[in-house]
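As a plain string of letters, each chain reads:
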Amino acid sequence: MPEIILKNVTKKFGKSIAVDNLNLKIEDREFVTLLGPSGCGKTTTLRMIAGLETPTEGEIYIDGKCVFSSNEGIDISPDKRNVGFLFQNYALWPHMTVYKNISFGLENMKWEKDRIKERVIKLLEMLRISEYSNRYPSELSGGQQQRVAIARTLATGPKILFMDEPLSNLDAKLRMEMRTELKRLHTETDSTFVYVTHDQLEAMTLSSKICLLKEGLLQQFEPPLDIYHNPSNFFVADFVGSPTMNILEVKGENVNLDEVKLSNGKIQVLFIPKSSSITVQDGQKLLLGIRPEDISITENGENEGTIYSTLPSGMETVVKIELDGLILTCVVFGGVDFNIGEKVKFSFNSDKNILFDKKSERNIASGKLI
Amino acid sequence: MNYRNRLRSFLKKPHNIILVSLAFILIYLTIIPIFTIIIDTVTVHQSELMRVKGSRVGDFTLYHWGKVLFSSASRKIFYEPFLNTMVVAFGTCFVAITLGGLVAWLVTRTNLMFKGIISTLFIFPYIMPSWTLAMAWLNFFKNSRVGGAPGLFTALTGIETANWFAYGPFPIIVVLGLHYAPFAYILIGGILRNMDANLEEAALILKAGRGRIMRKITIPIVLPAMLSTFLLVFSSAMSAFAVPAFLGTTVRYQVLTTQMYRTLNGLNPGYGYIMALIMIVIGVLILGINQKIVGTRKSFTTITGKSSNISLIKLRGFRGLFSGILLFMISLVCIVPLISFAVESFIIEPGNYSFSNFTTLFWVGAGSPDIANSEPGILRNATIFKGLWNSVRLSILVAFFAGSIGILAGYAIVKKKGSKLATLVNNLAFFPYLMPSMAFGAIFLSMFAVRRGFIPPLYGTFALLVLVGVVKYLPFASRASVGAMHQLSNEIEEAGIIQGIGWGKRMMRIIIPIQKSSFLSGYLLPFISSMRELSLFILLVTPSTRILTTMLFQYDEKGWSQYANAINLLIVLFVVISNMIVTKVTGASIDKGIGGQ
Numbered sequence: 001m002p003e004i005i006l007k008n009v010t011k012k013f014g015k016s017i018a019v020d021n022l023n024l025k026i027e028d029r030e031f032v033t034l035l036g037p038s039g040c041g042k043t044t045t046l047r048m049i050a051g052l053e054t055p056t057e058g059e060i061y062i063d064g065k066c067v068f069s070s071n072e073g074i075d076i077s078p079d080k081r082n083v084g085f086l087f088q089n090y091a092l093w094p095h096m097t098v099y100k101n102i103s104f105g106l107e108n109m110k111w112e113k114d115r116i117k118e119r120v121i122k123l124l125e126m127l128r129i130s131e132y133s134n135r136y137p138s139e140l141s142g143g144q145q146q147r148v149a150i151a152r153t154l155a156t157g158p159k160i161l162f163m164d165e166p167l168s169n170l171d172a173k174l175r176m177e178m179r180t181e182l183k184r185l186h187t188e189t190d191s192t193f194v195y196v197t198h199d200q201l202e203a204m205t206l207s208s209k210i211c212l213l214k215e216g217l218l219q220q221f222e223p224p225l226d227i228y229h230n231p232s233n234f235f236v237a238d239f240v241g242s243p244t245m246n247i248l249e250v251k252g253e254n255v256n257l258d259e260v261k262l263s264n265g266k267i268q269v270l271f272i273p274k275s276s277s278i279t280v281q282d283g284q285k286l287l288l289g290i291r292p293e294d295i296s297i298t299e300n301g302e303n304e305g306t307i308y309s310t311l312p313s314g315m316e317t318v319v320k321i322e323l324d325g326l327i328l329t330c331v332v333f334g335g336v337d338f339n340i341g342e343k344v345k346f347s348f349n350s351d352k353n354i355l356f357d358k359k360s361e362r363n364i365a366s367g368k369l370i
Numbered sequence: 001m002n003y004r005n006r007l008r009s010f011l012k013k014p015h016n017i018i019l020v021s022l023a024f025i026l027i028y029l030t031i032i033p034i035f036t037i038i039i040d041t042v043t044v045h046q047s048e049l050m051r052v053k054g055s056r057v058g059d060f061t062l063y064h065w066g067k068v069l070f071s072s073a074s075r076k077i078f079y080e081p082f083l084n085t086m087v088v089a090f091g092t093c094f095v096a097i098t099l100g101g102l103v104a105w106l107v108t109r110t111n112l113m114f115k116g117i118i119s120t121l122f123i124f125p126y127i128m129p130s131w132t133l134a135m136a137w138l139n140f141f142k143n144s145r146v147g148g149a150p151g152l153f154t155a156l157t158g159i160e161t162a163n164w165f166a167y168g169p170f171p172i173i174v175v176l177g178l179h180y181a182p183f184a185y186i187l188i189g190g191i192l193r194n195m196d197a198n199l200e201e202a203a204l205i206l207k208a209g210r211g212r213i214m215r216k217i218t219i220p221i222v223l224p225a226m227l228s229t230f231l232l233v234f235s236s237a238m239s240a241f242a243v244p245a246f247l248g249t250t251v252r253y254q255v256l257t258t259q260m261y262r263t264l265n266g267l268n269p270g271y272g273y274i275m276a277l278i279m280i281v282i283g284v285l286i287l288g289i290n291q292k293i294v295g296t297r298k299s300f301t302t303i304t305g306k307s308s309n310i311s312l313i314k315l316r317g318f319r320g321l322f323s324g325i326l327l328f329m330i331s332l333v334c335i336v337p338l339i340s341f342a343v344e345s346f347i348i349e350p351g352n353y354s355f356s357n358f359t360t361l362f363w364v365g366a367g368s369p370d371i372a373n374s375e376p377g378i379l380r381n382a383t384i385f386k387g388l389w390n391s392v393r394l395s396i397l398v399a400f401f402a403g404s405i406g407i408l409a410g411y412a413i414v415k416k417k418g419s420k421l422a423t424l425v426n427n428l429a430f431f432p433y434l435m436p437s438m439a440f441g442a443i444f445l446s447m448f449a450v451r452r453g454f455i456p457p458l459y460g461t462f463a464l465l466v467l468v469g470v471v472k473y474l475p476f477a478s479r480a481s482v483g484a485m486h487q488l489s490n491e492i493e494e495a496g497i498i499q500g501i502g503w504g505k506r507m508m509r510i511i512i513p514i515q516k517s518s519f520l521s522g523y524l525l526p527f528i529s530s531m532r533e534l535s536l537f538i539l540l541v542t543p544s545t546r547i548l549t550t551m552l553f554q555y556d557e558k559g560w561s562q563y564a565n566a567i568n569l570l571i572v573l574f575v576v577i578s579n580m581i582v583t584k585v586t587g588a589s590i591d592k593g594i595g596g597q
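Those protein sequences? They're chains A and B, same order as listed. If you're matching positions, the first sequence starts at 1 in our numbering and goes up one per residue. If you're matching positions, the second sequence starts at 1 in our numbering and goes up one per residue.
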C-alpha cells in the first residue's frame, strides 16, 4: 500500500517561500498531477517527496514509513525511498548506450547478468525500442529518448513514479501519443504516479486527481472533473479549462428568499443556487463565471449580441460575442461558422454557473441563470 | 528543524563536505599566509641584524617600510622597479591584445587561408616557457658592448645591435607580448566564435556597413572580454620574472619581481616581502575589477547563439599575401628559437659560428677541466637527470592533485551555485591565479620556513614544491571543471541518485566520463605550467630538490649559456610533445583551462 503523505511541508529558498505548509495524501495507485503556473512550487514539491530537495519543515511518509521529518532529523536518501523519477530533459547518460542506460541501475543493485538481460529486453519490448538498444542517446529522436528514460525509470520496478513535465520537450503530436502511453503504463505497472505539469489539459486528461498550487499554496486537491465544475476559487476556475471561463463583474442583491439579482449596468440576470440558499449583502461585488460551453447560440435565445470573432477548428468553433461592450466566449460544436458583425441570439442554459465573492475570490455557489 | 539535525543533513551531502573542507584548506593556504607576510614586513630577519641597529631577530621594526617607501634609496629600491613593472605590463597588454585580437578576428571572421595551422602554431609561444623567446632574443641580438660574445645576428650581418634593442624594456615587452598574445587570441576568439552571428546579421539587414557593424556591434560585444583579457594579461606580465631577468639584468633594468628575487635571496628579505605584498594587493584589485566587469549587465561573455555561418569577410587580393605573411611570422616565432637553442648548444666558444667551432661536448661530453668546471654534457650529467626526474615528478604530482581537487571543487561549486559558501570557495580557488608567482613563492617561504601547528617546517622538502604548485594551479583546474559542470544538467546526476548509485560511482562512472575532455584539460594545464615554471619555485628549491627550470637559470647566471640552451631545448621539446600527445589522445586542450571555448 504505497501511499504518500505530506504533513505541513514547507520549503524556503532564502527568504522566498516555494511551498507553504502543504498537506497532501496521495493514495495507492493514484495518478496525481501537481498543476500550477510556473514558480508555484510544484516541481519543488515533487523533488521533496523524491528526496532530491530537503524541505525546510514538515514530515513526509511513503508507504507508512517516515522518510523525512524535520523535528526528528530523519532524511532518508532518495535511493532508499524506492521511487522512480522521470526528468524533464530525460537525463539520459550520453556516454552509455540505450541498453547500458537501462541496465546500469540494475547492475548497481547487484542483479545477476542473466536476470538483468531478461529485464532489459522485456522493458525494451514493452516500450517498443528494441531495435535501438545499441544506440547512444544522441542518435535517437526526442520521443525515443523519452521511451528510454521511461524504461530506465521502470527498470528497478519502483512502486511510485515521479514525473517532472516529461512531455514538455515533445512536439504536439508526439505529446498526444505519449499521454496515451503513460495512461496505459499506469495501469500496466500497477503503481502510483505523481506528475508535474503546467499544462491544464494534460492534467485534466491524465490524472485521477489534480493538486492545484499557486505561489506555494494548495488551492484544490480533487478529481479533474470536480475541479472543472466546482472550482474552490476564482484562480482555479480561471486556470482550468480552455477557452477560459467567462467572468462578469457584477453586483449582487438578495431577492425572493434564495435568489440573487445580479446587475452590471445594462445586464440584469437572476441567479438561482443549486443547493442551499446563500446570502449576499446588497451591492456586494461578485464575479459570475460562465463556462464557454454553457452559452448556447440558439434562434430562440433570450439575449442578443454581435459576433466579434470566430475561430473554427473543424470539430468546434470558438465564438466571441459582443454584448453591450462585454465580450463573451462560447463554444459551438460541429463545423459551423459565423460572419463577423452578424447578430445572434443566445442563452445561458446550464446550472453550473459559478458565483465568486470578488474580495475573497471564494466560490459562493453554483446555479442557474434566468 | 533543530541545528543538530540541520547540520547532520548538511554534512550528508558530499558537495557540502567538499566545500567546507576546501574553504578551510584554501583559507589556510591563501589568506593566512598574507598575514604572515604582513608580519614579515615588520620583523627583523637574521640577515638584517647589521642594518637595524641594536635589534634582535624577530623584533618589530618599521625599518623596511621606511627604507622602501620613504628614504633617499627608495627610488632605486622600489619606485623605479615599480614604474618599470607598469611600463612592461602595459606594453605587454598592448602588444598581446593587438596581436591576439587581430589574429582572432582574422581566423574567425575572414576567409584567411591556413586557418588550422595558424591557430595551432599561434598557441605555441604560450605552451613554451616564457623565457624561451627571451633566450632566443639574446642568442640572436646580444651585442658585445655589454660584454661577452655577440649573437647570431651580428655574426651573420656584421651589424652591432643597439643596447635598447638588445636589452631592457623593448625586448621584454616584445617577448612577453608574443608570449601572452595566444592568451588574448583564445579568449577573444572564443567570444567571437560563440557570438550569435544573428546579432551581426540583424545589423546587416538594417543596411549597416561592415565598418559600422564592427564599431557598433562586434567590438562593444567583445569589449568586456577584451577588458577581462587585458586585466589577466596585465597581472601575468606584472608577475613575469624570467623574461625581465634574462633581458633586463645585464643593463640593470629592474622590475618588481627581479628586485624581489634579489632582496629575498640577499640581505633584505623585509624589502622583498613588502614588494610581494604590494604585488598581491594589485593582483587582488585586478580580480575585483575583473569580477565587477564580468558580473555586470554589460557583460555579454555568456552569449551563446547558434553560430550559424556568418558570411566571412573576403580579403580579396590580399588573401594570399596576408595568409602567407602571417604564417611566416608565426613560424618564425615558433621554430627559429628552437633552432637557435640547438645551434648555441653545439658551439664551444660563444659568438664564433664557424663550423670548426662546433662540438657535442655540452650534450654528450665527459666534461673537461677548462670548460665550466668539468661539468659533463647534459645527456651524461647525473645532476641534470636528477633535475629532469624532479621536474617530471613534480609536474605529475601537481597535475594529479590540482586536477583532482579542481574536479571536486568545480562539482561542489556548481552544485551549490549561488550560495555564499560556493562563492567563497570559487573565489578562494581563483585567488592564487592573480597572485604573482614570485610573491606566492615568497608567501610559502615565509609561511612554511618554521613549524606551523602540526605541520613541520617544509622548507627544503619536495612536498613544499608540490603544495605550492597545486595551490597556484588550482584555478586552471577549477575553472575548467566549473565550466564542464555548468554544461551538465543536474538531472544527469539525480537520475543516478534515484537509482541508488553511490556518490563515488556517480562521479567515476557518470559525471567524469561525460566531461572527460574538459576535466583532462584541468590536469593538462597544471602539468605543462609546472614543467615550465621558474619564478614560483625559484625561492623554494634547495640543491636536493632542484628542477630543470631552476637549473637552467643557474647555468645561465653562471654564464654557461650552452648548458642553458641545451636544457631549454629539452624542456621545450618535452612540454610541446607531451601537450601534443595529451591533446591527440584525449581531446583535452589548454584553451579550456584558460577559459576559451
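Simulated from the structure, these hints should not be mistaken for laboratory data. This structure is a prediction, so every number in the text was calculated from the model and none was measured. Think of the CB as a built atom: it goes at the ideal place given N, C-alpha and C, for glycine as much as any other residue. Where hints are given, some of them may not hold.
Claimed, not checked - If you anchor each label on the Cβ, the simulated ranges turn out as follows:
(1) F24/B x D28/A: 43 to 51 Å
(2) S38/A x T98/B: 46 to 54 Å
(3) I289/B x E107/A: 48 to 56 Å
(4) T423/B x C66/A: 31 to 39 Å
(5) R8/B x E215/A: 24 to 32 Å
(6) M113/B x R179/A: 16 to 24 Å
(7) D190/A x I27/B: 22 to 30 Å
(8) S38/A x V281/B: 33 to 41 Å
(9) E107/A x F328/B: 55 to 63 Å
Do the Cβ positions of E107/A and F328/B conform to the proposed distance bound of 55 to 63 Å?
Once the Cβ atoms are compared, 57 Å apart, the range 55 to 63 Å for F328/B and E107/A holds.
Lying within 24 to 32 Å: is that true of the beta-carbon distance R8/B to E215/A?
holds (31 Å)
Whether the CB-CB distance between I289/B and E107/A falls inside 48 to 56 Å:
holds (51 Å)
Between the beta carbons of M113/B and R179/A, is the distance compatible with 16 to 24 Å?
Hint violated: Cβ distance 55 Å, outside 16 to 24 Å.
Hint check for T98/B and S38/A - Cβ pair distance inside 46 to 54 Å
holds (47 Å)
Kindly confirm whether 22 to 30 Å is satisfied by the beta carbon distance between D190/A and I27/B.
Between D190/A and I27/B, where Cβ atoms are some 54 Å apart, the hint is violated.
Can you tell me whether the CB distance of S38/A to V281/B sits inside 33 to 41 Å?
violated (46 Å)
Just tell me: holds or violated, for the beta carbon distance of T423/B and C66/A against 31 to 39 Å?
holds (35 Å)
When you take the CB atoms of F24/B and D28/A, is the distance between them in 43 to 51 Å?
holds (48 Å)
Hint compliance for this structure: hints 6, 7 and 8 are not met, and every other hint is.
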